[in-house]
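So the protein sequences, as listed, match chains Z and W.
Here my numbering is used: the first residue of the first sequence is 1, the next is one more, and so on.
Here my numbering is used: the first residue of the second sequence is 1, the next is one more, and so on.
Source of the hints: derived by calculation from the structure; they are not laboratory data.
Watch out, some of these pointers could steer you wrong.
[Said to hold, decoys possible] Anything over 12 Å on all C-beta distances counts as not near chain W; from chain Z, calculated:
#1 Arg16
#2 Ala22
#3 Pro24
#4 Ser28
#5 Gly46
#6 Leu65
#7 Arg74
#8 Ala78
#9 Asp80
#10 Val90
#11 Gln96
#12 Ala98
#13 Gln105
#14 Ala111
#15 Glu122
#16 Glu133
[To be verified] Ranges of calculated distance between the beta carbons of each label pair, as one might list FRET restraints:
#17 Z:Trp54 - W:Asp44: 55 to 61 Å
#18 Z:Val90 - W:Gly12: 41 to 47 Å
#19 W:Thr85 - Z:Glu114: 24 to 30 Å
#20 W:Arg15 - Z:Asp66: 29 to 35 Å
#21 W:Pro18 - Z:Thr84: 31 to 37 Å
#22 W:Ala47 - Z:Glu131: 33 to 39 Å
#23 W:Ala3 - Z:Glu131: 38 to 44 Å
#24 W:Arg67 - Z:Gly64: 45 to 51 Å
#25 Z:Arg42 - W:Pro18: 40 to 46 Å
#26 Z:Val90 - W:Met1: 54 to 60 Å
#27 Z:Val90 - W:Leu49: 31 to 37 Å
#28 W:Gly40 - Z:Gly81: 46 to 52 Å
#29 W:Lys9 - Z:Asp129: 49 to 55 Å
#30 W:Gly40 - Z:Arg76: 28 to 34 Å
[Unchecked claim] Listing some non-contacts, in silico: residues in chain Z with all C-beta distances to chain W over 10 Å:
#31 Val25
#32 Thr55
#33 Lys63
#34 Leu128
Glycine included, every Cβ here is placed at the ideal spot set by N, Cα and C.
Each chain, written out:
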Amino acid sequence: MTVSDLTGVSGVPEPRAEFVIADPVIASVAARAAVETPGVVRLEPGLRGLVTAWTRAARQRWKGLDPAPADGVRARRADDGTLTVSLDLVTSAVDQAAAVAQAVQRAVVQAVAEQTGLTVDEVSVSILDIEPEQW
Amino acid sequence: MSADEVTEKLVGAIRAIPGLRPATPVAEEATTWLPWDWDGFAVDLTAELVEIRLIVTRLPLPPLLTRATEVVRPLLTGTEWEKATLRLVVTDIDGAAFDGGH
């Protein structure tokens with residue numbers, strides 16, 4: 001969970017208001033930014049991620065929501081307040097993997113800031129596979 | 001005003017904001033036949049804290065949460081929760097939010 005405060009302005013004491021954004025919401029925003037980055041073929045959830053994704057999708061259907069996938073993406077707020085986003089993905093052999101990873105890092109930081117108002121302190125990208133060029 | 005009345009007003013106010021809905025455990029259409037206060041699941045009222053759990057169906061979040069604060073805070077005025085901290089918790093996001101929202 002990630003918290004931001006909205007307190008009174010101009011020194012006038014007002015009751016506090018705070019916003020909490022759950023990690024899966026941040027992960028969904030980051031996932032969307034990553035899959036739209038050129039050179040990213042797909043996000044790779046792994047076995048544990050598949051179970052998490054399946055239970056989340058089931059919960060979202062139960063709530064009447066369209067799925068907002070966050071497969072292969074984890075958002076974590078550390079005790080010191082640092083927000084970290086980790087992504088596991090597959091890139092295209094056509095693109096340079098390191099350049100794609102850097103583009104993903106930039107896209108995730110920008111998207112999370114724009115869509116949630118939160119600052120991501122660290123984006124960790126793991127490239128699990130490089131997909132060969134399709135003929 | 002009782003806690004149930006305040007909860008009902010808060011939930012109604014949230015429903016009226018395009019892009020937000022209260023975070024009830026199941027979809028509204030699936031619960032109409034069950035005699036249960038599902039809306040109550042989305043709101044907790046204590047002396048120090050008013051917590052409202054939300055689902056977003058649009059992005060970006062900051063203007064939605066600011067709007068929710070502007071709408072909700074006046075509803076607490078004159079109640080025993082007037083000075084309580086207001087906490088808005090975004091618990092989930094609708095996939096449609098990425099395509100312009102519902």
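Hint check results:
1. Arg16: violated (4 Å)
2. Ala22: With a cut-off of 12 Å, Z:Ala22 comes too close to chain W, as the shortest Cβ separation is near 5 Å.
3. Pro24: violated (7 Å)
4. Ser28: violated (5 Å)
5. Gly46: holds (21 Å)
6. Leu65: violated (4 Å)
7. Arg74: Z:Arg74 is indeed farther than 12 Å from all Cβ atoms of chain W, at 16 Å.
8. Ala78: Its Cβ never comes within 12 Å of chain W, the nearest being 19 Å, so this holds.
9. Asp80: holds (21 Å)
10. Val90: Per Cβ check, Z:Val90 is outside 12 Å of chain W; nearest 21 Å; holds.
11. Gln96: Label holds. Min Cβ-Cβ 27 Å, cutoff 12 Å.
12. Ala98: holds (27 Å)
13. Gln105: With a cut-off of 12 Å, Z:Gln105 remains clear of chain W, as the shortest Cβ separation is near 20 Å.
14. Ala111: Z:Ala111 not clear of chain W: closest Cβ-Cβ about 9 Å, inside 12 Å.
15. Glu122: Per Cβ check, Z:Glu122 is outside 12 Å of chain W; nearest 21 Å; holds.
16. Glu133: holds (28 Å)
17. Z:Trp54 - W:Asp44: 55 to 61 Å: With a Cβ separation near 29 Å, Z:Trp54 and W:Asp44 fall outside 55 to 61 Å, so the hint is violated.
18. Z:Val90 - W:Gly12: 41 to 47 Å: Since the Cβ atoms of Z:Val90 and W:Gly12 sit about 46 Å apart, the hinted range of 41 to 47 Å holds.
19. W:Thr85 - Z:Glu114: 24 to 30 Å: holds (27 Å)
20. W:Arg15 - Z:Asp66: 29 to 35 Å: violated (18 Å)
21. W:Pro18 - Z:Thr84: 31 to 37 Å: Because 32 Å falls inside the window, the suggested range holds.
22. W:Ala47 - Z:Glu131: 33 to 39 Å: Cβ of W:Ala47 to Cβ of Z:Glu131: about 56 Å, so the range 33 to 39 Å is violated.
23. W:Ala3 - Z:Glu131: 38 to 44 Å: violated (55 Å)
24. W:Arg67 - Z:Gly64: 45 to 51 Å: For Z:Gly64 against W:Arg67, whose Cβ atoms are near 22 Å apart, the range 45 to 51 Å is violated.
25. Z:Arg42 - W:Pro18: 40 to 46 Å: violated (32 Å)
26. Z:Val90 - W:Met1: 54 to 60 Å: holds (55 Å)
27. Z:Val90 - W:Leu49: 31 to 37 Å: violated (43 Å)
28. W:Gly40 - Z:Gly81: 46 to 52 Å: Given range 46 to 52 Å: violated, Cβ gap about 32 Å.
29. W:Lys9 - Z:Asp129: 49 to 55 Å: holds (52 Å)
30. W:Gly40 - Z:Arg76: 28 to 34 Å: holds (31 Å)
31. Val25: violated (5 Å)
32. Thr55: Non-interface label stands for Z:Thr55: nearest chain W Cβ at 13 Å, farther than 10 Å.
33. Lys63: violated (6 Å)
34. Leu128: holds (24 Å)
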